[in-house]
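**Q** Below, each chain spelled out in residue letters.
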Amino acid sequence: MTKVELETGGSVWKMLVKPGDQVAQGDTLFILEVMKMEVPYPAPISGEVSATHIAEGDAVEEDQLAVEISP
Amino acid sequence: MTWKRETDEIERRRELALNQGGEAAIAKQHSQNRLTIRERIEKLIDPGSLEEMGPAAGTPVYDENGVLTGLDPANFVLGFGKVGGRRIVVGGEDFTLRGGSPSAAGLRKSVYAEELAVQYRLPLVRLHEGSGGSVGGTGGKGSSLPSPVNAPARFRSVAQAMGTVPVASAALGAVAGLPAGRLVASHFSVMSKSTAQILTAGPAVVARAMGEQKTKDELGGWKVHTKNGTVDNGAEDEASCIAEIRRFLSYMPDNIYQLAPVINCDDPVDRCDEHLIEVVPRNRRQAFDMRSIIASVVDRESFFEMGRGYGRSQITGLARLNGQTVGVWANDGKFLAGSMTADGAHKARRFMELCETFSFPIVSLVDEPGFMIGSQAEREATIRHGASAVLTAALTTVPWVSVMIRRSFGVAQAAHYGPDGYVIAWPSAESGPLPVEGGVAVAFRREIEAAPDPDARRRELEEQLAAKQSPFPRAEALGVHDLIDPRQTRPELCRWLDRVQPLLPSLLGPTAFSIRP
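Keeping their order, the protein sequence lines are chains H and V. 1 is the number of the first residue of the first sequence in the working numbering; add one for each residue after it. 1 is the number of the first residue of the second sequence in the working numbering; add one for each residue after it.
These aren't lab readings, by the way, just hints derived from the structure by calculation. Possibly wrong hints are sitting among the right ones.
Ranges of calculated distance between the beta carbons of each label pair, as one might list FRET restraints [stated by the list, open to error]:
#	chain 1	residue 1	chain 2	residue 2	range
1	V	H275	H	Q25	17 to 25 angstroms
2	H	P44	V	V224	38 to 46 angstroms
3	V	G133	H	G26	50 to 58 angstroms
4	V	R308	H	A55	24 to 32 angstroms
5	H	K18	V	P427	32 to 40 angstroms
In silico DSS-like pairs for lysine-lysine, Cα to Cα no more than 25 angstroms straight-line [as the list claims (entries may be wrong)]:
#	chain 1	residue 1	chain 2	residue 2
6	H	K3	V	K468
7	H	K36	H	K14
8	V	K28	H	K3
9	V	K223	V	K193
10	V	K28	V	K4
11	V	K227	V	K193
12	V	K216	V	K227
13	V	K193	H	K3
14	H	K3	H	K14
15	V	K468	H	K36
16	V	K28	V	K193
17	V	K193	V	K214
From a predicted model like this one, the values you see are computed outputs, not experimental measurements. Just so it is clear, CB atoms sit at the ideal spot from N, CA and C, and this is done for glycine as well.
The following block holds chain H by itself, in its conformation from the complex (with noise of 0.2 angstroms):
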């Protein structure tokens, strides 16, 4: 299990998966807001989504858990 956590706080943009989605590495999960600038978040790993925590429109916060991917 990998997880992914945001780097920043922002607002979820876009969410681009959902849980049993299939990613390839470097895929974008989902686009965070900061800034007014658009930060996509790639897949670190090739695998099944299994779990996504974020939701468009969300605030988030830094080290908050967004997504998680079963290799």
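Given the coordinates of chain H, assemble chain V onto it according to the supplied hints.
**A** Using the frame of chain H, we list chain V on its own:
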């Protein structure tokens, strides 16, 4: 009649010193996955290059007849050694003796480290694991008089070393008190994620004074200290810490009176990476990967990042252009839009001071939207720390090249340009007093509110003004030296370095300001 009896005694004392804290203490150190100080030094330096200073220092143990039965060696090992064939001064606490808390002789040797480095003008490496003084004192058997008022100030040599020679330190176990204070008084510091903690005071003292119950790792593990800038880098274990120190030293001159060594470069100076023409998205809201730009423009694999974990909107590190050391400073738009935060400004200031101290030309890759804003930023005194960075840039005397990659706004952008610097811009560059998105909403508030479709009017105004912030008018007014195809950046930087190279020898020696922690 020879001196054999005495030479045998010298030999015996040497052996006793090499025993360190004894077999049991060494086994305990190893069982916790930590090396002894002598093993650490061996890993750092070239084989067989140790020239030890004061190996005979220690506390002798005599029996009732006055015959020496043992020697508690000074618990700080100090000497010269070579790294990549170049001589350095190296030292560190011996944790197998008194848990690294200084013995009388250990303290003398430890404070001698900086003095030796300054005297011989050699880089200093400290490998720390130990604590400060104990209320019981240093345990010396001799005079218990405290130091006189005219004793040299203990930290003067620490400060002098930082202004004279490269200083690199590693935290390899628990480091507290005096060793912690010296650890951070370095140009580069690294801590072992698996074995080190850095503590102003340990859990017992904290529990008693503050009523806070915390483990050593919670108080001062790598997750705390790589994020707050106490150390520059975290590395997995002792071996990787030592490898990082060797790498850091490879960029450095021996002292401020010399230029950094130039190594052979097999990466062509005219290499043009194709991806640079599309690395900055045309959509101005999309962040891009600044580290991929750095990797493309400096000598291949030569970027050594320092302080990645803190002040993360700013990227700082050493790199090479055509084999020669330069400082690289860039914004990371993926972190808080690359804005100048209080800790980012502090990191940038220290980095400029490092470059000024050692006469490193500075390569600045600019994507600066301005100071970080909001209530947290105000609480952190961002404007003051930011202005400190801006003024530091203004006082530097080393050559600068600034590449306007994308945004360059506000007071904060001024920190990214040195006096008389060479300035080139990519077509994606935009600059002005503040980014249009924030500025338009404020400056044209009434006009936007009065429009039939306020949102549409705002977007229209933003587009009009964004066009004015393009780099072409700036180039027409000689506001930049040139506009370049992003793919031409590396050749352009290498030509610049070739032009400023002859100026560097005149910058050597003490600088108007050096660097403090």
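**Q** Now tell me, hint by hint, if it's right for this structure.
**A** The hints, checked one at a time:
1. V:H275 <-> H:Q25: 17 to 25 angstroms: 19 angstroms, holds
2. H:P44 <-> V:V224: 38 to 46 angstroms: 24 angstroms, violated
3. V:G133 <-> H:G26: 50 to 58 angstroms: This hint holds: roughly 53 angstroms between Cβ atoms.
4. V:R308 <-> H:A55: 24 to 32 angstroms: 30 angstroms, holds
5. H:K18 <-> V:P427: 32 to 40 angstroms: Once the Cβ atoms are compared, 38 angstroms apart, the range 32 to 40 angstroms for P427 (chain V) and K18 (chain H) holds.
6. H:K3 <-> V:K468: It is violated: about 43 angstroms lies between the C-alpha atoms, which goes past 25 angstroms.
7. H:K36 <-> H:K14: 14 angstroms, holds
8. V:K28 <-> H:K3: 35 angstroms, violated
9. V:K223 <-> V:K193: 8 angstroms, holds
10. V:K28 <-> V:K4: The given pair, whose Cα atoms are some 37 angstroms apart, is violated under the 25 angstroms limit.
11. V:K227 <-> V:K193: 13 angstroms, holds
12. V:K216 <-> V:K227: 16 angstroms, holds
13. V:K193 <-> H:K3: At roughly 19 angstroms apart (the allowed maximum being 25 angstroms), K3 (chain H) and K193 (chain V) satisfy the hint.
14. H:K3 <-> H:K14: 18 angstroms, holds
15. V:K468 <-> H:K36: 20 angstroms, holds
16. V:K28 <-> V:K193: Satisfied, since the Cα-Cα distance of roughly 19 angstroms is no more than 25 angstroms.
17. V:K193 <-> V:K214: The hint holds at about 18 angstroms.
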